[in-house]
Amino acid sequence: MATEAKELNTEELKSILATDCGSTTTKAILIVKQDQEYRLKVRGEAPTTVEAPAEDVTKGVLNAVGEVEDLTQSKFLENDLILKPKQNGDGTDIYMSTSSAGGGLQMMVAGVVKSMTAESAQRAALGAGAIVMDILASNDGRLPHQQIERIRHLRPDMILLSGGIDGGTTTHVAELAEIIAAADPKPRLGSGYKLPVIYAGNKDAVDMVRDILGDKVELFIVDNLRPVLERENLGPAREKIHELFMEHVMQQAPGYGKLMDWADVPIMPTPGAVGLIIQTIADQYDIDVVGVDIGGATTDVFSVFSKTFNRTVSANLGMSYSVSNVMAEASLENVMRWVPFEMEELDLRNRIKNKMIRPTTIPQLMDELVIEQAIAREALRLAFVQHKAMAVGLKGVQKERTISDTFEQTGSGETLVNLMSLKLLVGSGGVLSHAPRRNQAAMMLIDSFLPEGFTHLAVDSIFMMPQLGVLSTVHPQAATQVFERDCLIHLGTCIAPVGPAKPGKTILTLDIDLPTGTEHMEMQMGEIKLVPLGVGEEATIRARPARGLDLGAGKGQEITEVVDGGVVGIIIDTRGRNPFVLPTETKDRVSKLTEWLTALDAYPASAFEHTGN
Amino acid sequence: MAHAYTPGLRVAEYTIVRKQRRLPLPGDVSVSVDDRVKADDVVARTELPGNVESVNVANRLGVPPEDVPQAMLKQEGDPVEKGEVIAQSKSFFGLFTSKCVATVKGSIENISSVTGQVLLREPPMPVEVKAYVDGIVTDVLPGEGVIVETPATFIQGIFGIGGEINGELMVICNNPQEILDADKLSDEHKDKIVVGGSLVTAGAIKKAVGIGIRGIIAGGLNDKDLKEFLGYDLGVAITGNEDKGITLIVTEGFGEIGMAGRTFELFKKCEGMVASINGATQIRAGVIRPEVVITRIESDEKAELPDTETMGNMAIGSPVRAIRQPYFGKIGTVSNLPPELQNVESETLVRVLEIEFEEGIKAIVPRANVELIEH
Chain A
44 MATEAKELNT EELKSILATD CGSTTTKAIL IVKQDQEYRL KVRGEAPTTV
94 EAPAEDVTKG VLNAVGEVED LTQSKFLEND LILKPKQNGD GTDIYMSTSS
144 AGGGLQMMVA GVVKSMTAES AQRAALGAGA IVMDILASND GRLPHQQIER
194 IRHLRPDMIL LSGGIDGGTT THVAELAEII AAADPKPRLG SGYKLPVIYA
244 GNKDAVDMVR DILGDKVELF IVDNLRPVLE RENLGPAREK IHELFMEHVM
294 QQAPGYGKLM DWADVPIMPT PGAVGLIIQT IADQYDIDVV GVDIGGATTD
344 VFSVFSKTFN RTVSANLGMS YSVSNVMAEA SLENVMRWVP FEMEELDLRN
394 RIKNKMIRPT TIPQLMDELV IEQAIAREAL RLAFVQHKAM AVGLKGVQKE
444 RTISDTFEQT GSGETLVNLM SLKLLVGSGG VLSHAPRRNQ AAMMLIDSFL
494 PEGFTHLAVD SIFMMPQLGV LSTVHPQAAT QVFERDCLIH LGTCIAPVGP
544 AKPGKTILTL DIDLPTGTEH MEMQMGEIKL VPLGVGEEAT IRARPARGLD
594 LGAGKGQEIT EVVDGGVVGI IIDTRGRNPF VLPTETKDRV SKLTEWLTAL
644 DAYPASAFEH TGN
Chain B
34 MAHAYTPGLR VAEYTIVRKQ RRLPLPGDVS VSVDDRVKAD DVVARTELPG
84 NVESVNVANR LGVPPEDVPQ AMLKQEGDPV EKGEVIAQSK SFFGLFTSKC
134 VATVKGSIEN ISSVTGQVLL REPPMPVEVK AYVDGIVTDV LPGEGVIVET
184 PATFIQGIFG IGGEINGELM VICNNPQEIL DADKLSDEHK DKIVVGGSLV
234 TAGAIKKAVG IGIRGIIAGG LNDKDLKEFL GYDLGVAITG NEDKGITLIV
284 TEGFGEIGMA GRTFELFKKC EGMVASINGA TQIRAGVIRP EVVITRIESD
334 EKAELPDTET MGNMAIGSPV RAIRQPYFGK IGTVSNLPPE LQNVESETLV
384 RVLEIEFEEG IKAIVPRANV ELIEH
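Quick note, the sequences are listed as chains A and B, same order.
Residues 44 to 656 (the numbering used here) make up the first sequence, in order.
Residues 34 to 408 (the numbering used here) make up the second sequence, in order.
Please keep in mind that the hints were generated in silico from the structure rather than gathered at the bench.
Careful: at least some of the hints might be erroneous.
Said to hold, decoys possible - Distance ranges between label pairs, derived from CB positions:
(1) A/Glu527 - B/Gly393: 49 to 57 Å
(2) A/Glu376 - B/Val75: 47 to 55 Å
(3) B/Met203 - A/Ser649: 42 to 50 Å
(4) B/Leu58 - A/Gly257: 15 to 23 Å
(5) A/Arg253 - B/Glu109: 13 to 21 Å
(6) A/Glu98 - B/Gly278: 28 to 36 Å
(7) A/Ser649 - B/Glu389: 22 to 30 Å
(8) A/Arg253 - B/Val75: 39 to 47 Å
(9) B/Arg55 - A/Glu527: 47 to 55 Å
(10) B/Gly236 - A/Gly257: 53 to 61 Å
The structure presented is a predicted model; accordingly, all values stated were derived computationally and were not measured.
Quick reminder that beta carbons are idealized off the backbone N, C-alpha and C, glycines included.
Construct the entire structure; sequences and hints are all you get.
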């Protein structure tokens, strides 16, 4: 079993096979070394098989690898096993995988104070790739019997217990331990083994916690994740979570024991792997980055602002299993506001529910595609709202972490997210990566995140960031080469001034030095325009926002920037930021959406002629 | 030969159904191997630990936590009645006595000298597991439960709400396209499981609950009506614990969709027989689909267990159903499985199949948009 990377000579690797077992689909990619560089060869896909009749995730892996065989006309499987090493054109030198199937890693965290140690515990769990089902705290407003009932009901895969700085309170830590003991929690998957509980709190309370919990759970002690208020130490807790994820959770989910035997490298939770790649980009280019992975069941948002990495998982926002929840949380009106035709509520509700109960289907008709992309906008928007609330500095104290002073003061706390300083927004996940036109992906990203100033947009071309993330742990060079050359599709740059203005008023003038010559443009409030600029091309932009509007240099201040092109180009978005305004009246809204989507060439004309079938 | 995996729903006229009947916690199994059981027979029972109540004795008595054990009049494991004094302390030279009483009936679970709290455990709650289907006990899982087996007609639905119930089947629509509305229901359907055609309406569901109908099976349901019935918008498809007085199973999907002809004919064939149904649905990992099990011990045919080896393999000639627009609900056979990707109307490039519908028309459909019709 691969709990550590097997002995590998990475120089000898000519062929790399990697899979990602998502909640809906299993994706297999084949990377080969050609002329001294690593390139993506093909990709295969099949439904994930954790359900009956298969109830074995490896069957979906074999099916996905089977597609790779079909497409390459080479053999990668023998007797239902992965053929290793590569010989005479068949087989692969290494196999690795990531996984979020089976719902991923589901945890509860507990800490003494909700906004301090409990929140740090939450960040530790999220950074390890977990879904945090609930956060218990002594001051969370619930009575003990309610907290006990909650633990019993949720059945997490493991619990992270923190609380108390070293030398601080032990009483409240004991209370939390007693509640966990009284709940006598049973693990979600498998039976006959005790629930893992990680204690990462006040070191003075270790013996007490052992006395209270030692018999009832499988207890692990690691360093305090908040040893002093001014400092978090999340590493030891994160590592232990990942180790236990491999040994306990993965082993219990159907077929994972076998998958772990097949893999040459420890299997990573998908979000952990995607986070690795995001951090690599931020480091390499020294910029603030946001990445989003919108899957069937969850939407993960990753960010690096001022070199601080944060991750959130919106556990019930996704495009298949959770698609109905997006409607429930966003509201039908918010979904419909992105649809450039009228549709009966009855019809829309049924379509969304049918997608929920048959999650592996895809839109065949154009109006179905438009509706799915409208839902995606709301899922992305809500996930980002949750991320902004979580990606915050340490409350109430001077920070010793490497966070600069550029964070935004809001009513709800000090979010680190600063859309004006954001330089790169990367999207991943089927609805973004598989959008039939790249312009659609660009529009979804812009409409949901509302980037400000100058922001480069990209998508993961065929959803391989997870596989590249796990590859980077053994062969960073191969991962980076494939990432730059085959993974990222550069969409272009979005330019959006911030500030209020009346519709129709000229709010931005630009001179754009394109390879073809200089273009002068004047943009009015409520418009969006596309200027073609190809992949690898650059343009210098001199932009003058109107008084009261800011493009990054201050209100009304001119700014000059060199921007990169992409398959879409330069998107100048003067529809509004703070606020972004959509007409509320249906006819006006449909007319405006049609205008914007046509300007971006997002859909063919037939998309606006909904026939109601 | 081109193969592709497409999970489908089972509709089997005559098969062996094996149901695992398990307790949530270790307990006692009350039947033996080879016992013949009825659906409502209890096969295993246990007790769930009672709820826990916390009493802050230190606060109530005004003493430090470490003094609580001494103040206790009851010890860990002792039973207590609601209102009974469990701890007391004297103050001011013994002149004043503070008392602390039990807030619930139960027993003392834990006394903490660290927190000063005492946990009270309420009496255990009995839990019983029934056989769910008429059949024979084939295996006993000691302390956990049993496996009950029966030859049966087995029909899976695509979505349901409500839990396990059983009752006599009555088909009250004349054909699979007919709508099951309130007018079709009357008192004669009390305690029955009624089968409709293409759609069960909100009015029909409401009337059914009033009459005391145990279950409804239909081709489709409007989500708007589901929301009205449940009282909330269902966000994620995890159901089965709704306490709404009825179990609902939908065989085709949301909207007005004619029940598949073969499914409807099977229900007609089984009319008058007792069906065990469960609306529980879970679409995430460990998928659960709602089901209908109709014990068929009268047949001379030998029933077979489902062939899980070949299940899920789609090939040319496989019967399939389209499960998304524009051909939602239509049935046909696979006439071709081209390996190359093709563009469909949404401009999506996908692997497709060619389906020949029952009326002879052929169409190209994404492979992901059909499901196998399993037997």
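Hint check:
Our hint of 49 to 57 Å for glutamate 527 of chain A and glycine 393 of chain B holds, since their Cβ atoms are close to 52 Å apart. Separated by about 49 Å at the C-beta atoms, glutamate 376 of chain A and valine 75 of chain B satisfy the suggested range of 47 to 55 Å. A C-beta distance of roughly 46 Å is found between methionine 203 of chain B and serine 649 of chain A, which places it inside the suggested range of 42 to 50 Å. About 21 Å separates the C-beta atoms of leucine 58 of chain B and glycine 257 of chain A, a value consistent with the hinted range of 15 to 23 Å.
In this structure the hint that arginine 253 of chain A and glutamate 109 of chain B lie 13 to 21 Å apart at CB holds, the actual value being about 19 Å. With their beta carbons about 33 Å apart, glutamate 98 of chain A and glycine 278 of chain B fall inside the hinted range of 28 to 36 Å. The hint said 22 to 30 Å for the Cβ distance between serine 649 of chain A and glutamate 389 of chain B, and at roughly 27 Å that hint holds. Judged by the Cβ atoms, the range 39 to 47 Å given for arginine 253 of chain A and valine 75 of chain B holds: they are separated by roughly 41 Å.
About 52 Å separates the C-beta atoms of arginine 55 of chain B and glutamate 527 of chain A, a value consistent with the hinted range of 47 to 55 Å. At roughly 58 Å, the beta carbons of glycine 236 of chain B and glycine 257 of chain A sit within the given window of 53 to 61 Å.
Comparing the model with each earlier hint shows no violations; every hint is respected.
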